[in-house]
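S.K.: With full-length UniProt numbering, letter number 70 in the sequence shown gets 70, and the count goes up by one each step, no holes.
Because the hints were derived from the structure by calculation, they are not lab data. Keep in mind that the hints are not guaranteed to be accurate.
Calculated cross-link-like contacts (lysine-lysine; reagent style DSBU-like; alpha-carbon spacing at most 30 Å) [to be verified]:
id: 1; residue 1: K3; residue 2: K33
id: 2; residue 1: K52; residue 2: K3
id: 3; residue 1: K3; residue 2: K49
id: 4; residue 1: K3; residue 2: K71
The model shown is predicted, which means the values in this text are computed figures rather than measured ones.
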Amino acid sequence: IGKRVRGELREYWIDDGIYGTLNNIVFDNAIVKCMTLRFGSKPENITCKDSKTYTSTVFGPTCDSFDTVLKEYPLPELEVDDWLVFPNMGAYTTSSGTNFNGFSSSAKHIYLACSSSSSVA
């Protein structure tokens with residue numbers, strides 16, 4: 001949704017957060033990890049694993065300062081249409097989401113399929 005650059009620091013706002021399916025950060029004290037997917041890039045660089053990283057903070061969409069998903073996390077420079085993938089989030093993240101500050105917690109089902117021998121998630 002948004003991005004701010006402050007020298008070598010990056011801040012990103014995404015369309016999900018701790019009031020949605022990333023609620024296990026609060027309820028379960030989960031330490032989440034994420035990976036990036038850059039669609040439109042060459043298949044061998046879709047995960048951006050060889051890209052320069054920046055110390056980044058990722059916020060949810062609610063404008064609530066508590067809605068912080070990642071702090072001081074190394075991420076490559078993200079652009080529109082790049083994805084953050086949060087693997088192994090658990091069974092109850094969707095059912096525990098709430099409607100907050102005008103944002104719906106409606107479930108979205110997204111499936112990623114890989115055709116190469118290397119695993120994405």
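S.K.: Look at each hint and say if it fits the structure.
M.R.: Hint-by-hint comparison with the structure:
1. With a C-alpha separation of about 19 Å, the suggested pair K3 and K33 falls inside the 30 Å cut-off, and the hint holds.
2. Only pairs whose Cα atoms come within 30 Å are accepted, and K52 paired with K3 is accepted, the gap being roughly 17 Å.
3. Taking the CA atoms of K3 and K49, the gap is about 20 Å. The hint holds against a cut of 30 Å.
4. The straight-line distance between the Cα atoms of K3 and K71 is roughly 14 Å, inside the 30 Å bound, and the hint therefore holds.
Figure legend: structure checked against the earlier numbered hints; every hint is met.
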